[in-house]
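Chemist: So the chains spell out like this:
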Amino acid sequence: MKKLLLVIFYLSVFTATFAQGPPIFTDTPIMLGLEGRGIRTFGNIISRENGSGYVHPVVFPYNITNKWQVGVAVPFVSMRPSGSTSRSGVGDLAVFTKYQIYQKDGKGKTLRSLIKLAETFPTGNSTDSPALGTGANQTTISLVNGYVTTKFGLYTEVGYNITSNGLPDNFIYNIALGYPLLPQKYPPNQVNVFLELIGNYILDDIGNNLFVAPGIQYIAGRRVLFESGIQIPLNQVAPVGQQTDYILRIGTRILIF
Amino acid sequence: MKQLTIVMLLLSICAVTLKAQSQEQQQELKGIIKVNVDGLSCPFCAYGLEKKLKKMEGVTKIEIDVPNAFALLTIEDGKSVSEELIRDKVKDAGFTAREIKEVSNEK
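Chains A and B, in that order, are what the protein sequence lines are.
For the first sequence, the working numbering assigns the number 6 to the initial residue and increments by one for each residue that follows.
For the second sequence, the working numbering assigns the number 86 to the initial residue and increments by one for each residue that follows.
Bound-form chain B, shown alone (with noise of 0.2 angstroms):
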């Protein structure tokens, strides 16, 4: 019944240890965001991609350069928008988002 106890109590820290690294990694991202994107080869496919970043909450303009792959994103003052959820309208554009990053007012 003790080593049980404690199994539970190990499993337990675990779980809250997991659970405060994976809302670590959510990153909350604001002002200008480039997101760099794999599989953007042709000019036509990407409206898909504009349109599915454009429906977050808080972006106000998409601009998407091809030739480097790459999308940028404005963020609406005060507002912020997290990684993972750029990842997942990425993918659901049909496209595999890479590194994302903040870039302030440069491009």
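Extracted from the complex, chain A is given alone in its bound form (with noise of 0.2 angstroms):
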């Protein structure tokens, strides 16, 4: 049950991860904006029932054309289990590909969609306890659409999570809605606040895991935005006394050329 956590716990964390424009917790089709030359990073904050964690990715996205991107994220993670010896180091590796598939533009708005394939690998510690990685392969494949327009964005995230050593496989199903407060205009001093569902189902009759997230972004200028939401769960598989109370994040987007 310990790994599977991990995993419930990496996918809360990482799906994303990827994303380089709003929202802040479900992917985005829209690869622009860092035009692949920039470096996302946030902190989770992660508060269990049996303790408490903290995620650290810093993401490497790079665009080799402006419909393929390719990147990686390098995790530091913290664990503080109640009662127990702190472990911090590098996490759970991952690599990234997204290709757009779909795109067809109007007058202030967009509808794209997007494959992205997510590779997971074991470079966290997972014999020692408290483990900071799942110990397991995961390799995850998730269509990504998003309708924006200037007055809202809708995007939503399906996908399936294949994971290794036996541990259940799992969908994947965020959605999100953004709203700005500000008027748009170019260069950008935006409020943005969003609600999202960010949603896995395990397989093997495991369960459900459903969080609700509100969010809020300010977007300081060309080059820099700063964001910040809290994953509340509505429902969760984990055992009474391992059970999440909240992920918050806080975070930051920068482009760099």
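Think of the hints as simulated: they come from the structure by calculation, not from any bench.
If a hint is listed, it holds; no wrong ones were tucked in.
Within a straight-line C-alpha distance of at most 35 angstroms, the following computed DSBU-like cross-link-like pairs (lysine-lysine) qualify:
#: 1; chain 1: A; residue 1: LYS112; chain 2: B; residue 2: LYS115
#: 2; chain 1: B; residue 1: LYS186; chain 2: B; residue 2: LYS119
#: 3; chain 1: A; residue 1: LYS156; chain 2: B; residue 2: LYS176
#: 4; chain 1: A; residue 1: LYS112; chain 2: B; residue 2: LYS164
#: 5; chain 1: A; residue 1: LYS72; chain 2: A; residue 2: LYS190
#: 6; chain 1: B; residue 1: LYS115; chain 2: B; residue 2: LYS140
#: 7; chain 1: B; residue 1: LYS139; chain 2: A; residue 2: LYS114
#: 8; chain 1: A; residue 1: LYS109; chain 2: A; residue 2: LYS190
#: 9; chain 1: A; residue 1: LYS156; chain 2: B; residue 2: LYS136
#: 10; chain 1: B; residue 1: LYS115; chain 2: B; residue 2: LYS176
#: 11; chain 1: A; residue 1: LYS156; chain 2: B; residue 2: LYS146
Far from chain B by the CB rule (all over 10 angstroms, computed), these chain A residues:
#: 12; residue: GLU54
#: 13; residue: LEU186
#: 14; residue: PRO219
As the structure is a prediction and not an experimental result, all values here were calculated from the model.
Glycine included, every Cβ here is placed at the ideal spot set by N, Cα and C.
Starting from the two chains in their separate frames, assemble the complex, guided by the hints.
Modeler: Here is the structure:
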């Protein structure tokens, strides 16, 4: 169960790690803006009934073309179980690629879809306790859609996560609605608010995890934004005593070039 | 043999005509150019468009109007930019160019 909880934990934190633009937890099919040469980094504070954790991935996306992106995510993980020794170090490293398969543009609006393939490697220590990694390879294939206008943005992500080492596979389903509070202008000075649903259904009759995640984002100019969101559980499969209270994310995205 | 010569001659004339038409379509634009851009829905995404357009030779200033979905390019005096090149840059940036026209000094 501990390994499975770690898989869920990585999914909660990582599914939207590879996104370059809004929203906060759900991925986006728009691979513009950072022009593939940015950095995304954020801290995730996880509060659980039996302890706490902190995951801080640094993500480096690179656009080969405006429709094809590759990238790598390196997480720093710190686990603090209640009444036990804390451990910190590198977690499970992930590589990903995205390819845009559909684009329909209109005045002030766009509808786009992409296919995302991510591979997570068991680079985090999973033998000592508390474990920093899952000890399993994970392959995730997702379809990411977005309808974005100057008035609002609607994003969905559905995917399937294949795990090794006898852990159950799971379906990923995320949906996000974003709304800008200020008039749109360029260079940007915008505050966006988001409401997201972050879910995964674990096969082998284990059950469904569903989080609701309100968030806020401040775009401070051409090259930087700051964001924060909190995932609050609506339903989770973890046994009582090991359940998640919340996952708080505080992060930034920076354009380098 | 005579028929083959006639066919080759007709094909050559067609090729020359098409090339001339293509050159005419590559309109050179000067002054201030308004580029209507579809898909421009988030200001954070517009940075790539600004960068691509700025890289064109002769462009001295870029203004992007997200709510009205256009970019204004100011071209250096005595220089010009082809409409086709602008369309290519907009496409490279991940957007779709619609009408492109000179607006002189008027916005």
